Amino acid sequence: MSMNSPLVAEQATVNVIMLKVLAALLPAIAVYVFFFGPAILVSILLASVAALLTEAAVLHLRRYPLRVYLLDGSALVTAWLLALSIPPLAPWWLVVVGTVFAILVAKHLYGGLGNNLFNPAMVGFAALMISFPSHMTHWPAPDMLAQSHWSFTQQMDFMFGGEFPAGDRLDAITMATPLDTLKTQLHLDREISEIQSGKIFSILSGKGTEIIALFYLLGGLFLWQQRIISWHIPASFLAAMFGTAGLFYLFDPGHYASPMFHLFAGGTMLGAFFIATDYVTSPTTPMGKLIFGAGIGVSAYVIRVLGGYPDGVAFAVLFLNSAVPLIDAYTQPRVFGHAGKWFKGGKE
Amino acid sequence: MENYFLILIGTVFVNNIVLAKVLGLCPFMGVSKKLEAAIGMGMATAFVLTLASGASYLINQYLLGPDLIYLRTLSFIIVIASIVQFTEMFIHKTSPVLYQVLGIYLPLITTNCAVLGIPLLNVQENHNFIESLFFGFGGAIGFALVLITFSAMRERLEGADVPLPFKGSAIAMVTAGLMSIASMGFSGLVK
Amino acid sequence: MLNALLVMIGLAVVLGAVLGFASLKFRVEGNPLVEKVDAILPQIQCGQCGYPGCKPYAEAISAGNSAINLCAPGGEAVMLRLADLLGVDPQPLAADAALPKPKQVALIDEQTCIGCTLCLQACPVDAIAGAAKQMHTIIASECTGCELCLPPCPVDCITMETVDEGLGGWKWKYPVYPISEEEKDTEVTS
Amino acid sequence: MRPLFPFHGGIHPAEHKSPSTQHGIAVAPLPARLVVTLRQHSGSPASPVVAVGDQVLKGQLIGAAEGLISSSVHAPSSGRVVAIEKQPAPHVSGLPDLSIVLETDGEERWVERQKMDFCNTDPALLRQHFQDMGVVGLGGAVFPSHVKLNASGLDTLVINAAECEPFISCDDMLMRERAAEVVKGISIAQYIMGAREVLIGIEDNKPQAIAAMQAACEETGFEVVAVPTLYPSGSAKQLIKLLTGKEVTSGGHPTQMGIQCFNVATVYTMHRVINHGEPVISRLVTLTGNMDEPRNYEVLIGTPIGDLLKLARPKADTTGYLMGGPMMGVPLLDLSVPVVKATNCIIATSQALFPPLPRAMPCIRCARCAQACPAELQPQELFWFSKSRNFEKAREYKLFDCIECGCCNYVCPSHIPLVQFYRFAKSEMLAHEKDRKAADLARERHEFREFRQEREKQEKAARHAAKAAEMAAKAAETTAGSGESVAGADDAAAAKKAAIQAAIERAKAKKAAVKPQNVDDLPAEAQAKIDEIDLRRAQASETAGQRVAIQKSDEGQGA
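Chains as they are written, first to last, in the numbering used here: chain A, 1 to 348; chain B, 349 to 539; chain C, 540 to 729; chain D, 730 to 1288.
So that you can see chain A by itself, here it is in the shape it has in the complex:
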């Protein structure tokens, strides 16, 4: 053992941090199961196994110690976030392809933990979104709204074999998400209030989904309380999303949904507390974090409302990921004993 100082340290480790992140997701997953059935658990399991196997294969190729890196928990976080981002009844290979792509391309081509530039889960999601758009939009309806109820084995048959129960159609159990509904209906020149009277909508955003979002928020607060994430990114993300949505809402409430709806719809909460706060792919300076979060908030809103995709969080995160090194370079805080506020790109 090296005797060079310092010889004492806090006992925190990387895998404890990662395990806490996973723990913070558990309540939301429980609620997810309550509203949408246990299929999501299978998705999560699939993604976890695929992520660990891919990681193990790469580590083996690079002759890195397997046990240490597999146990760090980072691959599991990626897997869980990806599984939670894609429709639970998607075919099994969709989850697997996305996870393998995320771990292989976005994480290990860059050198593994700590070296990647883009959030692996979101890279996997975006790749799936671009390659298999139709599979990515078949979201199941919440249990109370679905026209027919499939048993767990029926769901598994569908996920693994693509077989419907006799006489049933996919439409019977799926439904457009609130965001999607809003977008398509607005194109049909209907007013927001009229659309939101639809049965999928609820007080905040969508039935079921809003409760899950609430639990993501609670999980995020737990992480904040545990000092695993700082408040900067979630706060500026949500504030920017709220602000932008608010502006549009004030401008034309007939065609733009309320800011509260946007906070609890789609991937906003999951993105703000679990995805955008990924250490490796977010800025490290407080000012940088604020810029980063605000950038995601604005772009996510712009993409989900004005762009072509149903939700914008994933793309917004990736887009701002690419700006992280630049943001870091230009938001360096003042160093003790130096004049001036920030030094730009290393020069005063």
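Honestly, the hints are just simulated from the structure, not real lab data.
Quick caveat: nothing in here was measured; it's all calculated off a predicted structure.
It is possible that some hints are incorrect.
Unchecked claim - Quick list of simulated restraints, FRET-style, between CB atoms:
(1) 157/A to 528/B: 32 to 42 Å
(2) 553/C to 441/B: 14 to 24 Å
(3) 474/B to 628/C: 41 to 51 Å
(4) 628/C to 45/A: 26 to 36 Å
(5) 547/C to 350/B: 37 to 47 Å
(6) 982/D to 657/C: 49 to 59 Å
(7) 796/D to 679/C: 13 to 23 Å
(8) 528/B to 1121/D: 57 to 67 Å
(9) 1156/D to 689/C: 26 to 36 Å
(10) 741/D to 373/B: 47 to 57 Å
(11) 350/B to 616/C: 52 to 62 Å
(12) 712/C to 737/D: 28 to 38 Å
(13) 41/A to 350/B: 45 to 55 Å
(14) 854/D to 231/A: 50 to 60 Å
As the list claims (entries may be wrong) - Some chain D residues close to chain A (C-beta under 10 Å, calculated; not the full set):
(15) 979
(16) 1087
(17) 1097
(18) 1136
(19) 1143
From the three backbone atoms N, C-alpha and C, an ideal C-beta is built for every residue, glycine too.
Take the given structure of chain A and dock chains B, C and D to it, following the hints.
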């Protein structure tokens, strides 16, 4: 006014010249190893592009007219080459290090397909003079923005534990691809 | 046809005039880059690069006439710094290039020296003191260790001695630590 | 209550201070051998002024300061000089350093001690006196105090008694037991620097020391300030910020803003020097950690640490020893190294006190280090650049403002040896700086040589021209005889060649004759020979120096 704004947003984010149209990859890969060089290159290209789209519009409209369409590419190239030459002399005088760092890529702005592409697209889309300037400027800003963020990423990557076969240009290409995926989120935003 | 010719000629004249003006206005005297390159070179003045000294080599690099991997004493570090300054790809050092050596100074065996002054003439930094028919000595603090005085000596009385800098020359090593408990021998050396 | 100005970051590791404060300060017995290292302070090492075999008295000057940033060393006890040679030193490199070895006679005979009436002495003389008496900062940095005292009309004199590192308690005990003397020392520093205000910063985990100091400071106007226990409040810059709200500029001195900071143990030695005439020959050392009897001892400088440890009796399961605290201390690889002026604490380590750190993982950029950094740096970036040897970038991100306090290392969940990376990068950059200076010198000399050659060529040409003119004139006088002169020149050349050849032969013969002698060297004879060569070399380099001077003056004329 809204039209100009849309052109600007469109060229910077949605139809980004590098990420969406995949033009101008030579300087994009070549001058992105250092942030400072990328900023210099971005500024030089922005200057050339804006000037070139304005000048080429004037030439196309008033000098060539409908009769001499076949001279379009030729005369555009001459104008671009002169502007590049001018920029090169200017940079050589004002910042010798930047001149050396940009090296061969500075005169190669001439053959940057983005620089010729934008004036030709201007003609194709029947932009008026102001629109042409905005289109050129927007394209240049888009190029510079992507180049600068990309170079900052590459600087970070220098310390990364990238597997040997992917070190250097390979991982840079992967990164450019992922940036392109990210920018696809904006598709459908304008036009 | 005539129109076309006129247009092209007109363009050429106007642009030519602009460029001509610019070339006068932005004329660059000398090459300020030489200084920057010269500052990187180790100034051993050994001539192993094939140029008569560090400055001529710097000039050749700045003019783009020479590879950046020729400086043997500077080794990889200097090559990388040059590559960084000039924004070019690093070039591997020649296979027969000497490995970086610890700092050395020449030492004259004063028993053997005949005072021929040949080494005085060879020394690029005037670090040898002495006069004709007197024994010479090396001013160690100014010797660059270039070895240029070795070949001219007719009696082979000059040897290279490695300098022991003691505590003053001690450096911290690159930290090496095991990346796992069970694999102590696999170590991250980046 | 004085307002405090907290510095950024900081950590609070377990203190472990109480074991060593259970008993009062004890005096360590006189060892048989004392090893006085000549490099006990930052700056250039002292040069020995005694010879092997000399008898020295306690407190006698044995190593004199060399230059401004240097300090003297004194014999810690009376006895005989037995060696002046390289001895193991408590340096992290484990490299030996030049030291004077004394054999004590047990009589403790003092040199004549001269007290001073400092109030009526010129501060400049006092500063000189401190250098001669070996007063250096005893907080750990051992910077010569006379340099730091060189300012006047100060606003604030900060006395650093924070003692923020875990385990160490020597300053605490000093203040508890010798508060009055410490205060006398403070008065001396205050007088020299003309300080308007004196603030004594003590961490609030030392209530007894605070009480003692407050009692001693009554009627002096000095203010004892209890500061929160937060490592590294004992770092001078951080303590100044904490007490005054002012930040010492990077690369600047606190005196530029009217502040100076001294360690409490340093001002105590100032008191001993002025009021007792005693040079710095002892200091308090905390012996603690995995020991049966942890305690503070007054120890003579030069006492071998191995001897000292016997007093505190390390336990059987001790894994190693550390000089200084666990955050910034130096591992002791060899227990024969002596106590030096920087030795404030010796810790015996064990598995229980210092559990092995979890394995290092890649940096995940969590930026906990940035939150803990008291210098407000971005340690994760500095690590990234140091790891990939990107030193230019590391410099841009202000690596040299890093105080190596280890806070980043302490909080890192990946347990990366961050400080080691910074030390590595700094030492590489300093070495590079040194190379660059050498290169600049070489460039200058090379350019001068080229200039000289050019000038000589011109002079030669001028001489030739003059000679040719003369010859032409001669030739005009006597047309015959020119052939003869050419032949004469040939003869001269041939003669010269022969002479060189003869010299070479002689040299070869001499070499052959000399060689065997060197092989079967008798030590005394060899020593004599080496001395002779050294002497000659010294003379030669002297002439060389003169030659350089001549060249320089030539250059002046040439330009």
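Quick check on a hinted range of 52 to 62 Å for residue 350/B and residue 616/C, using CB atoms only.
56 Å, holds
Identify whether the interface hint at residue 1136/D stands, where standing means a beta carbon of chain A within less than 10 Å of its own.
Hint on residue 1136/D: holds, closest Cβ of chain A at ~8 Å, below 10 Å.
Hint check, residue 1143/D versus chain A [nearest Cβ-Cβ separation less than 10 Å]:
Holds: closest Cβ of chain A sits about 6 Å from residue 1143/D, inside 10 Å.
Just to be sure I understand the hint, the distance between the Cβ atoms of residue 796/D and residue 679/C should be within 13 to 23 Å; is that true here?
20 Å, holds
Is it true that the C-beta distance of residue 528/B to residue 1121/D lies inside 57 to 67 Å, as the hint says?
Violated, at about 31 Å.
Outcome of range test on Cβ distance (residue 474/B, residue 628/C; 41 to 51 Å)
Holds, since residue 474/B and residue 628/C (Cβ atoms, about 44 Å apart) stay within the stated range.
Is 32 to 42 Å a correct range for the gap between the Cβ atoms of residue 157/A and residue 528/B?
37 Å, holds
Do the numbers back the hint for residue 1087/D, that is, is its least Cβ distance to chain A under 10 Å?
5 Å, holds
Taking 49 to 59 Å as the stated bounds, is the beta-carbon spacing between residue 982/D and residue 657/C within them?
Because 52 Å falls inside the window, the suggested range holds.
Would the hint on residue 979/D be counted as holding, given a Cβ-Cβ threshold of 10 Å to chain A?
4 Å, holds
Using the C-beta atoms of residue 1156/D and residue 689/C, is the stated range 26 to 36 Å upheld?
Given range 26 to 36 Å: holds, Cβ gap about 32 Å.
Confirm or reject the claim that residue 712/C and residue 737/D have a C-beta distance inside 28 to 38 Å.
30 Å, holds
Hint violations for this structure: numbers 4 and 8, all remaining hints satisfied.
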